[in-house]
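Q: Knowing the structure of chain H, use the given hints to seat chain D on it.
Number of protein chains: 2
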Amino acid sequence: MFNFTLRPRRNKSAETAKERLQILLAHERADGESPDYLPMLQKEILEVIQRHLAVNQDHVEIKIDRERDISALEINIEIPGPAAKA
Amino acid sequence: MFNFTLRPRRNKSAETAKERLQILLAHERADGESPDYLPMLQKEILEVIQRHLAVNQDHVEIKIDRERDISALEINIEIPGPAAKA
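First to last, the protein sequences are chains H and D. Mapping the first sequence onto the numbering used here, position 69 (from 1) lands on 69, and the numbers just tick up by one. Mapping the second sequence onto the numbering used here, position 63 (from 1) lands on 63, and the numbers just tick up by one.
Okay, chain H solo, but in the shape it has when bound:
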C-alpha cells in the first residue's frame, strides 16, 4: 500500500522564497511480469518540468519503491519562488 502525504513546511518564513513540486507515479501491474513504465516516465516527466521551470539537480530528490504488482516513484523538486528569482 502506498501512502503519499504532502507535508506543509514547518518553518514557513525561512523557506518562503522556495516552492515545492511533488510528483508521485504509481503503476499497478496486472501481473508481476508486465513491463515497468516508471523509469521511462520518470526521465520524460523530468524533461517536461525542466522545459518550464528552473530546476537545480541538487534540489531534485527521487524515491523508487517496488513491490510485486506495484511500483511507485516519488519526485520532490524545490524550485525558486517568485521572490527568489527577482
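If you are wondering where the hints come from, they were derived from the structure by calculation, not from laboratory data. Heads up, some of the hints might be wrong.
[Unchecked claim] Calculated pairs, DMTMM-like style, for lysine to aspartate or glutamate (alpha carbon to alpha carbon, straight line, at most 20 angstroms):
{"hint": "1", "chain 1": "H", "residue 1": "K43", "chain 2": "D", "residue 2": "E47"}
{"hint": "2", "chain 1": "D", "residue 1": "K63", "chain 2": "H", "residue 2": "E74"}
{"hint": "3", "chain 1": "D", "residue 1": "K43", "chain 2": "H", "residue 2": "E44"}
{"hint": "4", "chain 1": "D", "residue 1": "K18", "chain 2": "H", "residue 2": "D36"}
{"hint": "5", "chain 1": "H", "residue 1": "K18", "chain 2": "D", "residue 2": "E67"}
{"hint": "6", "chain 1": "H", "residue 1": "K43", "chain 2": "D", "residue 2": "E44"}
{"hint": "7", "chain 1": "H", "residue 1": "K18", "chain 2": "D", "residue 2": "D31"}
{"hint": "8", "chain 1": "D", "residue 1": "K18", "chain 2": "H", "residue 2": "E67"}
{"hint": "9", "chain 1": "H", "residue 1": "K18", "chain 2": "H", "residue 2": "D58"}
{"hint": "10", "chain 1": "H", "residue 1": "K18", "chain 2": "D", "residue 2": "D36"}
A: Just chain D, lined up with the frame of chain H:
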C-alpha cells in the same frame, strides 16, 4: 494537507487484465500569487504517457484541488494489461 493512497483493487480476478497508472502532482507555492504550473504540466505529462501507452480517454480520470498555497492534480489511468493486448 493532501493525502493520496493507492488503493489495491478489491476484486483481483475481474480486473486482472487491466493495469492502473496513478499520477499525483502537488505544487506548494511560496505565496498565493505565484503561477500555477499544474495545468501546463497536466497537458504535457498526459502527452508523455500517450506516447508510450495505449490510453483510452474514457479511462482517464482527472481530479484537481486548489487551496491557498497548494494545488494538487490527480490523474488515474486504466491501461490494458498484457493479457488484454494479446
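Q: Please go over all the hints and tell whether each is borne out by the structure.
A: These are the hints, each one checked on the structure:
About 14 angstroms separates the Cα atoms of K43/H and E47/D, which keeps this hinted pair within 20 angstroms; it holds. For the hint pairing K63/D with E74/H, the CA-to-CA distance comes to about 19 angstroms; that is within 20 angstroms, so the pair holds. The hinted pair formed by K43/D and E44/H meets the criterion: a straight-line CA distance of about 13 angstroms does not exceed 20 angstroms. For a cut-off of 20 angstroms, the pair hint linking K18/D to D36/H stands: about 14 angstroms separates their Cα positions.
The straight-line distance between the Cα atoms of K18/H and E67/D is roughly 17 angstroms, inside the 20 angstroms bound, and the hint therefore holds. For the hint pairing K43/H with E44/D, the CA-to-CA distance comes to about 13 angstroms; that is within 20 angstroms, so the pair holds. The suggested pairing of K18/H with D31/D holds, with an alpha-carbon distance near 9 angstroms, which does not exceed 20 angstroms. For the hint pairing K18/D with E67/H, the CA-to-CA distance comes to about 17 angstroms; that is within 20 angstroms, so the pair holds.
About 14 angstroms separates the Cα atoms of K18/H and D58/H, which keeps this hinted pair within 20 angstroms; it holds. Straight-line distance between C-alpha atoms of K18/H and D36/D comes to about 14 angstroms, which keeps the hinted pair within the 20 angstroms bound.
The structure shown violates none of the earlier numbered hints.
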